[in-house]
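Read off the chains here:
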Amino acid sequence: MPFWEYELQADKLCLGERVKGGLFRPCDTRAIRYSAITGALRSVFGGDLHAAGYFLESPEHNRVEYLTYSPRDDAIGVSKLPLTIQFLADALGRVIVKTPQELLPDTFELNMGAMKSQGLGYCHFQLLGPATMEPVRGRLLTRLPAHRAVDFEVQRVIVPIYGYLFEPTSPVSGDYVLSLFEGSKVYGPKCLVKEEKL
Amino acid sequence: MGKPLIPELHDIGKLYFLNSDLAAELGLRSGSLHDRKLMEALPSKLNLLEPQTDSWRGILAHHQGVASLADLDVLLLIVADHAGSNISREPEEKKKKLTKRGPVHRTVHKLWNPDDQHELILPGSRDELSSLVRWLATDPDRHELFECYAHLLDARPEELQPPMNVTSLASHLTIVGKIYRFLCQRQQFYTKARTVQEIENKEVDLIKAEVTFPQQIVRTRDMTLFALMSQKIRELTRDDRVLVTTFDQVLAILGPDEKVENLFGLLIDAGLKVSWERARTKVGDLKSTPSALRRERLARLKLELAQPEIPEVRRPQVLARRLDQIDAQYPRGVLFGSLAERFSPPICDLCQMEQAIASWPDDLQGPGPRENLGPRCYALRQNASRLLKLDRWTEAPTNRVAWVYVGLDLDRLVAFLRPLYQKYAQDVGWPQEEAAQIEARPPLLLEFQKDYRRFLADFAASVEEHFGSENLEHVGGETGEAANSLLCVRLEAITQLPSLLSLYLEGIKRYFPAMLQESSALNVTLNVPLRLAISVSGVKFPFSEHWRIIQEEHGDILVNVVGKGQMRAPLGSLPILIETGKPSHRSALHNLVEVARVSEALARVYVEDRERYQEYQPLLDRMRPLGMTYASLLSYAKILED
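In the order they appear, the protein sequences are chains A and B. In terms of numbering that gives the first Met the number 0, the first sequence is numbered consecutively and its last residue is 197. In terms of numbering that gives the first Met the number 0, the second sequence is numbered consecutively and its last residue is 641.
These are computed hints drawn from the structure, not numbers from a lab. Misleading hints may appear alongside valid ones.
[Unchecked claim] Derived DSBU-like pairs (lysine-lysine); straight-line CA-CA distance at most 30 Å:
1. B:Lys581 with A:Lys196
2. B:Lys422 with B:Lys539
3. B:Lys301 with B:Lys388
4. B:Lys508 with A:Lys11
5. B:Lys286 with B:Lys44
6. B:Lys388 with B:Lys231
7. A:Lys196 with B:Lys286
8. A:Lys189 with B:Lys231
9. A:Lys11 with B:Lys191
10. B:Lys44 with B:Lys2
11. A:Lys79 with A:Lys193
12. A:Lys79 with B:Lys286
13. A:Lys115 with B:Lys2
14. A:Lys115 with B:Lys539
15. B:Lys637 with A:Lys193
16. B:Lys563 with B:Lys581
17. B:Lys539 with B:Lys563
18. B:Lys539 with B:Lys508
19. A:Lys11 with B:Lys563
[As the list claims (entries may be wrong)] Here are some, though not all, of the chain A residues that point toward chain B, as calculated from beta-carbon distances under 7 Å:
20. Met0
21. Lys19
22. Gly21
23. Phe23
24. Tyr161
25. Val176
26. Leu197
Even for Gly, the Cβ is constructed at its ideal location relative to N, Cα and C.
In isolation and in its complexed conformation, chain B is listed as follows (with noise of 0.2 Å):
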């Protein structure tokens, strides 16, 4: 008996393009082999065997558009397909219509780095499409496909034609396939349901997820959580309801009555803490997160408490009954592992969540602080993996390290593609009402989150390559996005931190340009989807409270350097920020640290004076439009102060 369906397949032809001396030669006419005329007819015009293959039934058939419950598997490969795709599949003949305005496009336009284009040329001789349909007919699987594919993959948009040409078909793929297997696997979404329609309108439920741990980690030693949340996440990934994964983010859909504690079953038994939402949507509406759902549902609340038919004294009544009800609609809540009523001391000193049963160190005569630890902290301890350099480095306790943490989160990345997304489907001629109807969809997040990871492995390199692979430990996890997203690097004097934001710089310069295009011209800070927090400190200060700091909400950056203060700042700020940092302007700001110290009032005063205006107006002048404040520019001064 062969394989089953693979989805994941469906597309194959989309990675050929036969040429028309060649199709000229075959009687065929030249194309994509995405033309379902055009596959069919390969085999015979090759010589070669029909691969008798369910995959190549899905190949064929999947055009169609419509199939029956005889089809089983390719009905619900056209379901996966539309709600897989960037822009809903409905109505088709509208998007037809739309689209047939411009050129087609062979590169995947990158809507956070549109210059970032590469020349596209697909296979298509004799030899390679003999070898194609041999491939297909061993009935090959999802990986062999990745593998033997990969870069095609990642070059061929799913869609050549504007604006559905921004995610590539690798990340089309991904998805088909999660959502293929998830209705596969669940009969309620088939057993009354003839057509692709009336499968498409079952309801289904998004979820998002936090994920994080109770623990105050303040030994190097408890830094081991990071691997084990990074591990957990990336075998979570393997769940075909598991759309996308961030550091520590999760998006996925669920069955209407499935549980989330099932989902995240594998997290919440490996002590970590799970704060959940969901929101109900359509099978053919896979869109946005849980929250933008619900701030939609917020927002329209608004506008029907604002109705006149509703007296003013009504309103914290109706009000109070209708957030009641999208309680219902969206609900939220915080998985964790059985939690006792009561229990007796001693509590577990590390994650104060559990009685604590032993002792640490277990030599009970060995030097040093003893602390009390339940049996999940215990044994993170016990397995522990130390970070070598870290510890080398907190035997000297004058030395300085920076903690330094990007983070990417999938609300703020709805919010900041959705627009960018809606406007190039207006420059490429869709009518407004049209374009606004576009959402951000989980194959664009995961388009994003390729760029993303290539970025963050960037700039730890350039990190490393800057500061010294001696003064780099990698913290987040042992290796990918999450090993890059928490970096620790020791400095030799705080005014190397510039240094960090220059780097950090020149990678959103590299990977992210609409950004700040975003930041500057439009003032839209809060839709920058990554996070920067830098946090300063002797080696020996705990991690815990860099951590608590870092977790804060704080904006696109943030400096903080314990014993001096914080800086938040927008992304668009960054280049004067770095500027500002240069020797050139130590001096001025030395003295305004100095005059601070006397009295901050008395700072503001010896700013603004006349004498003093070319030296410091400029700098004020360019940070104020940004958001930036005559506080930011002291707390910078001091905190470049060593």
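Here chain A stands alone, though its shape is the one from the complex (with noise of 0.2 Å):
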């Protein structure tokens, strides 16, 4: 199956992560995890996808930001501790998306993440072009299982930094599987990698 590469747009996003302490939630400010973007583009599309991607470092956008919200639970009548989310504001990032070519559209809309209530993760795609997976060697830029990392491509693992992602078995239930990090050395496709430099 081809890869393909698109560029996500958000004005707000929170991707991934789970809340803290019962007060703040935290989201991803750098990859973008199989996990969430796969699970996203499946409820829409259906069929057999694989997708991972990464926000961009730019000035202009994916500030981080927060927003305090006090969820009210109407059975009781009272509203619960606030809860403290983090997002990012002008969202832009690169998914690479493994699927055949008649799939998914060349541009598309949808809603992914938390807080969709209060007006956060509707986020538009737009085709750039099939992905460059010319190996290279440097850094992950996602988050992929470890066991969907020959997948993507990645054809050696040199210095890993795990961590687990949720990988659902069946539409109710699902395991934690050890996964590759952002940051882990690898030799891998350039869309996925930040190439090291002499």
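Bring the two chains, given one by one in their own frames, into a single complex with the hints.
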């Protein structure tokens, strides 16, 4: 299956991460993890696709901002503890999708991530073209399940940085699987690796 | 049976000086007791019995420079003495020739603070010398040595002759003791070697590691992680393989076949994460850090690739092959506890590295949010000691706090010290080509670290004095360097920020004035080994976000105010930043921020406007040569707006 490179743009986006201590929800600020983007694309387009990406380093984009929100429990009529949500403003990223050509349109929109009810997560995708899969040596820019790395043509892992990503095993359950996180030193495709320079 | 040879005692003679009157009385010539003949003759001249210990044998015999395997302990002592020296002892004749050029200096020359010199008076009366011989006959250990002679060991240079006088005996002996015991415990270094040179040519690995933790700290209770980390690093320091440690970094040596897991086991068992790098060198050539050695190799590769013999088209292949070889020569890795391939939910909310097995708090009926925790994080929560002041501040959510972190990076320290040392060697008459060979070796790093710890303690004390002890919490650990490396200060107003910067600058001026000269005069800001990060927010804002920002590469100084922005600056710009923060400039800064609220582009025009030239231009003119920009000025102005 071919790989396609899309540009992702969103006004406000909060991806990944779990609520910490019941009062703060951080977000991924560098990597667009496999579990989040693949899940979001499959929920709209279905089919056999795999995706991962990263946010660009740009002074005008991907500003880290905060929103404080106090969800109200209407059943008992009280507001819960205020929750501080971290999000990216003017998000700009690259998403690499492994999919048959006919599955995804050139441009599309979808909602993803947290706090959709508060206006976060509306994303616009624009096809840039076939992804550059030429292998280079450098730092991985995304988060991939270790057993999926080969699907993205990561040929060799030199220094891994491990963490865990959620992988659904059925519509109602899933496992946490060992994953390669951004910063891992690898031989992998240029589209997902920041090449090491001399 | 007596104690084995105590290597730290071998230079004890350097702490005594036999003056001419007493020398004449005893029928000896005057001089330092480091002279073998003087030391050997002393017991009989004082009518005392010669100590019958292995350490005494080491004190007398280590001068010879040669020893046989029959005296294995002395042989290893000589090797350790050379390896623990500032300047490579090879070749000894060349060093002697070079160092006969100038007068001796009796104080330690601090490369980072040359004016900090103290007169050293060495003991040498008949009573003092008799006490020394009797004390040595009791076969003392290294702890007794460092206890009895603490002040003298710190003040007496390892060598009096410049440029070797840059480290104290204390630093030299600490490293010699570690290397000696490291060699003694490893037969591979001496089974087939017969001479000092043969052992010095044996391979050994230099390891540098950075210690972190996977947890994202949100609750004050979890800050006990810092205490845990500092306690474990302190325990690791006792290992003879470990030469230098800081708040979060370790420099160590390992035998070529030894595994890093074995060295860092106690950190990994505690749930900490260790990123390590390794480089092979020789016992007689312990210098620098692995990444500095790797960078040297990469620089050679760059030159190699530029050679016309390698055609342009083949360069990527050659580069890839060479980089693979360099990876094998200078391996790197990350160590963490065992990792499962997969597990079922829930995941530990705190570290996200293992399956959760417990819920926190234990009381299921208790109020507030619940967290799922893995075994490591659950144990951490149960053993947590509370930071009482910080807890109290969180009761008033309007309180504002500044997290103040001061860090020391060993790679940058090596890069900072090397040119200073080379310059000093040239200043005392070494030819440039000889001076260029000088490296920053472990005793010099240790010497710097002593002043760094004093600097940290002084800085924390001055913050306490300025802000009041009720407004200061030591977060980094329970004692020492760790406790003073990470502070939490309760602020009345953001306008107090320049005071923190002023206190830091005062400390730098007092302990490391060379850093300001280097930064401003030579503009080599990257070599400043210290990093200051101040991150400010409301007290309820999660610490993990502050820590993430603090951990990012940010140069010498970072000031971050959540919701307002960040300012990064080189150390040399600190005096100007402090000046800018004074009330006399406040109205100009306020006006600038107000204009920037409408448009940042308009604010730039406002600053450059002819009418306001006198108001802003002097500030910008002083900032620009230091790498500060209009954007930095604007960030700083916004940050100072309360």
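Verification of the hints:
A C-alpha spacing of about 43 Å is found between B:Lys581 and A:Lys196, which places the hinted pair above 30 Å, so the restraint is violated. Taken as a hint, the B:Lys422 and B:Lys539 pair is broken in the structure, with Cα atoms around 49 Å apart against an allowance of 30 Å. Under the criterion of a C-alpha separation no larger than 30 Å, the hint pairing B:Lys301 with B:Lys388 is inconsistent with the structure, at around 54 Å. At roughly 45 Å between alpha-carbon atoms, B:Lys508 and A:Lys11 are farther apart than 30 Å, so this suggested pair is violated.
Proposed proximity of B:Lys286 and B:Lys44 is contradicted: the alpha carbons are some 42 Å apart, above 30 Å. A threshold of 30 Å between alpha carbons decides the hint, and for B:Lys388 with B:Lys231 the separation of about 25 Å falls inside it, so the pair holds. Proposed proximity of A:Lys196 and B:Lys286 is supported: the alpha carbons are some 26 Å apart, at most 30 Å. As the CA atoms of A:Lys189 and B:Lys231 are separated by approximately 40 Å, the hinted pair breaks the 30 Å bound.
Restraint check for A:Lys11 and B:Lys191: the C-alpha separation of about 67 Å exceeds 30 Å, so the hint is violated. Straight-line distance between C-alpha atoms of B:Lys44 and B:Lys2 comes to about 26 Å, which keeps the hinted pair within the 30 Å bound. As the CA atoms of A:Lys79 and A:Lys193 are separated by approximately 42 Å, the hinted pair breaks the 30 Å bound. For a cut-off of 30 Å, the pair hint linking A:Lys79 to B:Lys286 is broken: about 58 Å separates their Cα positions.
At most 30 Å may separate the alpha-carbon atoms for a hinted pair to count; A:Lys115 and B:Lys2 exceed this at roughly 73 Å. For the proposed pair A:Lys115 and B:Lys539, the alpha carbon gap of about 25 Å is at most 30 Å, so the pair holds. Between B:Lys637 and A:Lys193, the direct Cα distance comes to roughly 34 Å. Violation of the 30 Å bound is thereby established for this hinted pair. For the hint linking B:Lys563 to B:Lys581, the alpha-carbon distance of about 19 Å falls within 30 Å, and the restraint holds.
Restraint check for B:Lys539 and B:Lys563: satisfied, since their Cα atoms lie roughly 17 Å apart, inside the 30 Å limit. The hinted pair formed by B:Lys539 and B:Lys508 fails the criterion: a straight-line CA distance of about 35 Å is larger than 30 Å. For the given pair, A:Lys11 sits about 18 Å from B:Lys563 by alpha-carbon distance, which is consistent with the 30 Å threshold. Because the smallest distance between the Cβ of A:Met0 and any Cβ of chain B comes to about 24 Å, over 7 Å, the interface hint for this residue is violated.
Residue-level restraint check for A:Lys19 holds (minimum Cβ-Cβ distance to chain B is 4 Å; threshold 7 Å). The interface hint given for A:Gly21 is met, as the beta carbon of that residue sits about 2 Å from the closest beta carbon of chain B, less than 7 Å. Because the beta carbon of A:Phe23 sits about 4 Å from the nearest beta carbon in chain B, less than 7 Å, this interface hint is met. Because the smallest distance between the Cβ of A:Tyr161 and any Cβ of chain B comes to about 6 Å, under 7 Å, the interface hint for this residue holds.
A least Cβ separation of about 5 Å between A:Val176 and chain B falls short of the 7 Å threshold, and the interface hint therefore holds. Because the smallest distance between the Cβ of A:Leu197 and any Cβ of chain B comes to about 5 Å, under 7 Å, the interface hint for this residue holds.
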